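K.L.:
Sequence:
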Amino acid sequence: MQTVSNNTLKQTLYYRDIPVLIYNIQYPAFNSTCSEKAAEAVSENYAALARSKEEYCKAVLYPQAVESARYIQSNYPPFHSYEFDMTYNITLNMGCLTSLYTEQYSYMGGAHGSTVRQSDTWDFTTGNKVQLGDFYPHDRLFREKIQRWIEQQVSIRLKTEPATYFDDYAKLVQNTFNPDSFYLSPGGVVIYFQQYDIAPYATGLPEFVLPVLPGFEPLFTRK
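Numbering (the UniProt record's numbering), first residue to last: 1 to 223.
Some clues are possibly wrong.
[As the list claims (entries may be wrong)] Straight-line distance between alpha carbons at most 25 Å, and here's what the computed DSS-like set of lysine-lysine pairs gives:
no. : residue 1 : residue 2
1   : Lys58     : Lys10
2   : Lys159    : Lys171
3   : Lys145    : Lys129
4   : Lys145    : Lys159
5   : Lys159    : Lys53
[What the hints assert, rightly or not] Computed Cβ-Cβ distance ranges for the label pairs, DEER-style:
no. : residue 1 : residue 2 : range
6   : Val4      : Arg51     : 14 to 24 Å
7   : Val209    : Thr33     : 20 to 30 Å
8   : Gln152    : Gln11     : 40 to 50 Å
9   : Glu36     : Gln64     : 35 to 45 Å
10  : Ser52     : Ser5      : 15 to 25 Å
Simulated from the structure, these hints should not be mistaken for laboratory data.
Please read all numbers here as calculations on a predicted model, not as lab measurements.
A virtual CB, placed ideally from N, CA and C, is assigned to each residue, including glycine.
Given these sequences and hints, build the entire structure.
P.N.:
Following this line, the structure appears as structure tokens:
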């Protein structure tokens, strides 16, 4: 079993007394009864990710924010600070298996910011990532089956929630489906899409919980 502790990198960066960039980066660290070596490796993966995002904020976003703020005379009209937030959510922590996703929210002016999600599922006996195909080891067509099922679910959702997906969603599901875009939950495997992949901004990041059906249940749910 894994225990999780939270770590944070955060700072407000200024230009002429104007807070032009605020970043808050949260990332997990793990201990495990399965393998401490694996836990150290997984923890370092997220620590390195956090450091790289902090460097991105300082080396890329901060100069961009300063350049934007320079055009604001005496900070009036007020300059809206750039923001970068990274959070994580542990979605399953069972035995030697832990699944989670991180979300990176960026705001650089305009009507709203953008969110990018990335997910990982870890086997803490080895420290290796688990792939979607590992849960369907005897089904070479699992991707095609998942895509068709998602298309059916979108069609059903549109009947009660019109205009929540793009008209050409079937083609977009095929083009944007990413086998790495999944996480585990107590209810099963959750497939998600990024903003604008198959739906407008207001829909958010569409999620689909795969059904547990005879012959198509993920391996980790089998008794």
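K.L.:
Compare the structure with each hint and give your call.
P.N.:
Against the structure, the hints come out as follows:
Between the alpha carbons of Lys58 and Lys10 the distance comes to roughly 11 Å, so the proposed pair stays at or under 25 Å and holds. About 19 Å separates the Cα atoms of Lys159 and Lys171, which keeps this hinted pair within 25 Å; it holds. Distance hint between Lys145 and Lys129 is fulfilled; the C-alpha atoms sit about 23 Å from each other, no more than 25 Å. Simply put, Lys145 and Lys159 have alpha-carbon atoms about 22 Å apart, close enough for the 25 Å limit, and the pair holds.
Note on Lys159 and Lys53: the hinted pairing is violated, with a Cα-Cα distance of about 41 Å set against a maximum of 25 Å. At roughly 19 Å, the beta carbons of Val4 and Arg51 sit within the given window of 14 to 24 Å. The beta-carbon spacing between Val209 and Thr33, approximately 29 Å, falls within the hinted interval of 20 to 30 Å. Range check, Gln152 to Gln11: Cβ separation about 46 Å, and the 40 to 50 Å hint holds.
Glu36 and Gln64 have their C-beta atoms about 41 Å apart, which keeps the hinted 35 to 45 Å range intact. Between Ser52 and Ser5 the C-beta distance comes to about 20 Å, which sits within the given range of 15 to 25 Å.
Of the numbered hints listed earlier, the single one contradicted by the structure is hint 5.
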